[in-house]
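Whole structure, please, built from the sequences with the hints as guidance.
Residues per chain, in single letters:
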Amino acid sequence: MLGIEFPGLSGNLLKVLIFFIILIFLTFCVNNQQLSLFKMEARGQIKPPFELRKLESVLYEFLMATDRENFAKTHRIFFREGRVRVYIVIDPNISPTEKESVVKTYRIEIEKESENLLRVTVPVDGLASLAEEKFILSVRLPDKPMVQ
Amino acid sequence: MEDAEMNIRGRRYQKKYSLPILFILIFICLYWNSVQSKESLFLKEGKKIHPKIESFLSDLQEKHVLEGRVLSKSFAQRHNIKMDEQDRVVVFLYPEAGKSKDSINIETLKAYGCEIIKSGDAVIKSKVPISLLDVIADQVEGVSFIKLPDRPLADVVSEGVSLTGATTYHSAGYAGENVKVAIIDLGFAGLSATISGGELPTSVIKLDCTGTDCAPTDFPSEEEAHGTAVAEIVHDMAPSAQLYLMKVGDRLDLKNAKDYCIANGIKVINHSVGWFNSNFYDGACYFDNSVCMANHAYQNGILWVNAAGNAAKNHFEATYTDADGDGLHDVTSDSNYITINASAGDLFVAHLTWDAWPVTNQDYDLLLYNSSKVLVAAGMNWQTGTQTPTESIGYIVPASGVYYLAVKKYNATSNHRFQIFTFYHDLNPYVASSSLASPADATGVMTVAAIDWANWTTGPQEYYSSQGPTTDGRIKPEVSGPDKNSSYTYGGIFPGTSAAAPHVAGAAALILSSQPTLTVSQLWEVITSSAIDMGAIGQDNIYGYGRLNLPAFYPGITVFPTSVDFSDVIIGYGVEGTVTIQNSGNANLVIGTITSPSSPFEIIGDDCSGKTLPFGTECTLTIRFSPILAGLFNSSINIPSNDPQRNPVLSYLSGIGIHEIMLSSPMDQASFDACSLYAPPTFKWSPKESFNSYSVQFSEDPTFSTIRVKIRVSGKTTEKTMSSSQWKRILRIPGDQGGAVYWRVVGTQAVGRSAISDSHSIMISAPQPVGNPILSPTSRMGLPNLMWQNNCNIKFKAWFGSTADFSEKKALSFHLSNPDLDGGTFSRELTTSQWKAIRRLVNDLTDSTIYWCVESQDPLKRPAITELMYFILTD
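Going down the list, the protein sequences come from chains X and Y.
Letter by letter, the first sequence follows residues 1 to 148 of this note's numbering.
Letter by letter, the second sequence follows residues 149 to 1023 of this note's numbering.
To be clear, the hints were calculated from the coordinates, so they are not data collected in a lab.
None of the values given here were measured: they were computed from a predicted structure.
Where hints are given, some of them may not hold.
Stretch-level coverage of chain X by chain Y, calculated; a stretch enters the list once three of its residues show a Cβ under 8 Å from a Cβ in chain Y [said to hold, decoys possible]: (1) 71–77; (2) 99–110; (3) 119–131; (4) 142–148.
In this text, a Cβ means the ideal position worked out from N, Cα and C, and glycines have one as well.
What follows is the structure in structure tokens.
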């Protein structure tokens, strides 16, 4: 079928072998985040596209990562049950109704807020569109203070 | 035939290769299984639980696998676990129950890289590779459990306690009593062990502020022990202080913690934490950053003590330049790169910010290259006007070696000053100056640098201790504290400014327990002024004001109020006031004999003279002000004591004696002439209470020995407009030449009690002769006009004489009903007969001299006369 024959191997055994090799290769790629970074560099796409200019670049990398769980772990990103914890800065002129609409539309769960800075969790798949929302000024990771 | 041959050959190959291929497949399956099992242990479950390994060790292995040796070594150190150069830790290996140590296969242990240190009957002490802990637990025959060696419950006290003078305070009975200190930190792992080890009291209040608000907690699943180690030092310094352990994770948590501290009377906050990329390290408050929090705490009377940071070699600062036009900052004339050495598995963290806060459209990026100059990580946020000028990198280093950081100008209209901080890796080149993170850059923060306690009196500062000034040029830090002290929590030493800061926070608690009334600014002053200067004279950017040195004991006298104003007191009455003397120092205050103030003040109660006041106690003086005269009185109390700085202290007294009835109009010494008879004045007064009636009394005697005029007024009114006749009687009191008349008001109440007002004088003018008398023309042919200013006179007699003694004279009389009519001017043309009669005095001879004067009389019938005048009769 593939046009290649290995003497001594039956067709089914060969298929199983190829399947395992592909599986291992994919697993290796998934588990090696650095590889994906290199690939991104090769494409020159670490800077988010302009329409995602309000999204912190590491969050863009996170969205692009093939293994988001691992990326989140290595980058100390809170990522649980498909939701990621971020700071969003909203337009201070947003009306309560508009704010409520944004929260509902993007399934935002507000953890804390102070003036127009909100600590929220959002579904990871809605992160990019949230960053494009006109009332959102920036989407970034919360602070990571350091013990001295 | 060929097919058959092929089949035979195929079967031969099948036999020949089937087995190896199967082995390969089995190996792959095993590998896959192994990967899956690791993931299930470390990734999927989130926490590895191995039944044969103590949980701390499991955590350590997990960290080592996931986060690399640098972070796991730091984690180990914070948990009293020492890692050697080969990433091994010392553990106890236990055999199965009832068996001896010999049941453990020593050779297998050694094969896994273990080093046997010693052994007992049923335990082996050995160094084991962290990464193989689970393998050893599973694979080495006879091993039933692996745990850390026993930790003896030694009483670990920071060396900083005695070095900073805290021991002296403890001996004197000051240990932080009644002072609340908050340790706001990132984690409190190991707290239970530290408490059970006696290194922290059970009374600590534990709060987790990472949720919606600060809530009580027992810190059940902590990884970070830093806060526990910090609290241990505060407790060593101030054992009786009430500690609040507050966990935060981000700025909004920090805001909750700060608000809690303000609401709960916390006086000192220790924050051995640094925050990055939240301003340009210039003390600016943006977006609720840590500077906002610290400054607000200070404004609410809380001393915020913060570690300066350990970034002296982890900081780079420059103004962007790109002479070669390659789009990257020129770190040197021939290099675009800052070099970092990193080991495989390290977490590399770097932060870039530039001087374009709070939001900017000036876009720079931060790039990380590997040793082959291939870009491996980057912070490439867009800056288009709504974003902060920040970039960050977090990168797990895949291979040990040299890495390179670079700053790229992506889109900026000018060259900005920028700063880079890394967390764990030294930079080459680095810039030690201005390496303070936030909120160590805040004006309201007492920033603490570190000196190794072993070099406490000589220095130098720790090579890593962050330095000032702030980016806006303020000198920082404020003071230096000791580090590398013994730590129970860490089971060894505690290096870093994180350890230096809690020594200062603890010292602040001691000072507050000895001087509870100190304000935050006074506390700041006490700490900085008592520091022993090191480095450049005065405050410098390395040591601040010098090394922490708790001030010696001295009594402190505080007198309040410093001035007592008794205000208005009615004559004959007395008002009391108190002066409190407090010992605000930290040694006994001995008060000397307090001298009495001058009259009309007097001390009527003295609880203080000759008394010894322990710190925090007070005594009072009662002072009475009893004026017997009207007017302002001032005096002072002289309070001697043994306060070395303020002795004696003066408390100033003032008061005004007033009458029960105060005269208000006319003003004292107001002047009146006879013309006032035509518009008599109104006399007004203000009583402090109501009276049934008043008597307005007038006398030429200020003591009112004789009262010449007495006018009764109903109590319903407090003023009296004089009638002409009444006023005339008053104006005549001083006699024909005028003079002072004194007046007062006497109020009478129904019960017969009367009160006398103060007295005012009115000045009655003497009678005035007419002014500017003129007779013109004086020719024989015409009729002259006679003119003068009346000057309040109403009757006039113009005398003319041929000689100066008026041996022969002629008088002309005039009378006015009101001297103020016609503007107070008299003008009358003489009649022909009058003029002739005057000329006859000199026989109507031309060039004769005629003398004249004007005699006048005012409505009070007081006479006046002008000087002698003359004129020449002309043709």
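- Item | Index of numbered hints that the structure contradicts, given in increasing order | 2, 3
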